[in-house]
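Produce the complete structure using the sequences and hints provided.
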Amino acid sequence: DAGVIQSPRHEVTEMGQEVTLRCKPISGHNSLFWYRQTMMRGLELLIYFNNNVPIDDSGMPEDRFSAKMPNASFSTLKIQPSEPRDSAVYFCASSFARGPEETQYFGPGTRLLVL
Amino acid sequence: AQSVSQHNHHVILSEAASLELGCNYSYGGTVNLFWYVQYPGQHLQLLLKYFSGDPLVKGIKGFEAEFIKSKFSFNLRKPSVQWSDTAEYFCAVNARGYQKVTFGTGTKLQVIP
Chain B
1 DAGVIQSPRH EVTEMGQEVT LRCKPISGHN SLFWYRQTMM RGLELLIYFN NNVPIDDSGM
61 PEDRFSAKMP NASFSTLKIQ PSEPRDSAVY FCASSFARGP EETQYFGPGT RLLVL
Chain P
1001 AQSVSQHNHH VILSEAASLE LGCNYSYGGT VNLFWYVQYP GQHLQLLLKY FSGDPLVKGI
1061 KGFEAEFIKS KFSFNLRKPS VQWSDTAEYF CAVNARGYQK VTFGTGTKLQ VIP
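So the protein sequences, as listed, match chains B and P.
Anchor point for the first sequence: position 9 equals 9 in my numbering, and the numbering is continuous, going up by one each time.
To convert a position in the second sequence, counted from 1, into my numbering, add 1000.
What the hints contain is simulated information worked out from the structure, not anything from laboratory work.
By construction, the Cβ of each residue, glycine as well, lies at the ideal position given by its N, Cα and C atoms.
One or more hints might be untrue.
As the list claims (entries may be wrong) - Restraint ranges, calculated between C-beta atoms of paired labels, are given here:
(1) P:S1070 x B:V12: 47 to 55 Å
(2) B:S58 x P:D1054: 33 to 41 Å
(3) P:Y1098 x B:G42: 16 to 24 Å
(4) B:T103 x P:S1084: 20 to 28 Å
(5) B:R98 x P:S1080: 31 to 39 Å
Next comes the structure, spelled out in structure tokens:
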């Protein structure tokens, strides 16, 4: 079975440019999570969706960040405009929420560098 | 809100040494507990998880963890580490019934051949 798929795996862009990160969750999973990992702040939850609906976006740093999940098999995280401090590894994770026992499975991540 | 503490930030061991990584959480209710491993340059992979039942949980690659409710701890153990265990290890917790998972800051393990 394919795991969580993320693209691109690496992205280098210049400050001010728009960046779009993509995620395809594991087939059958109904929850999707976006995380950011940096040396300074560790792993932070940015936003998560249940059945394509955003549930908690309190971790989104600011209005420059937005996330969508138009269907059960695709999500995007967009940064516009990007800034050097957005440089990080962005992970997508998915799970099948069916009660109190739930496990998140992570994608390979997108390593973003904003110059 | 729950929080997770991993007290060891960096651990260096020789091959065949035994490993124990500490993890403590703070939350008064029932929790789910996880250990993830991140090999250099890779994504987080699930090592093991605890939902309920036997507090001693066995995972992949010979790892195990013990949930001690009275100590709010979920320490990770391995009797004999290998060079290939060099990675960063994350403890994570979520309150049962809630999806938001809180991760610890991670412990970097370096195994010297």
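Structure-based check of each hint:
For the pair S1070 (chain P) and V12 (chain B), the beta carbons lie near 50 Å from each other, so the given range of 47 to 55 Å is met. At roughly 35 Å, the beta-carbon separation of S58 (chain B) and D1054 (chain P) lies within the given 33 to 41 Å, and the hint holds. Between Y1098 (chain P) and G42 (chain B) the Cβ separation comes to about 20 Å, which falls inside the hinted range of 16 to 24 Å. Against the hinted window of 20 to 28 Å, the Cβ-Cβ separation of T103 (chain B) and S1084 (chain P) comes to about 24 Å, which satisfies the hint.
The beta-carbon spacing between R98 (chain B) and S1080 (chain P), approximately 37 Å, falls within the hinted interval of 31 to 39 Å.
Going down the numbered hints, you'll see the structure goes against none, and every one checks out.
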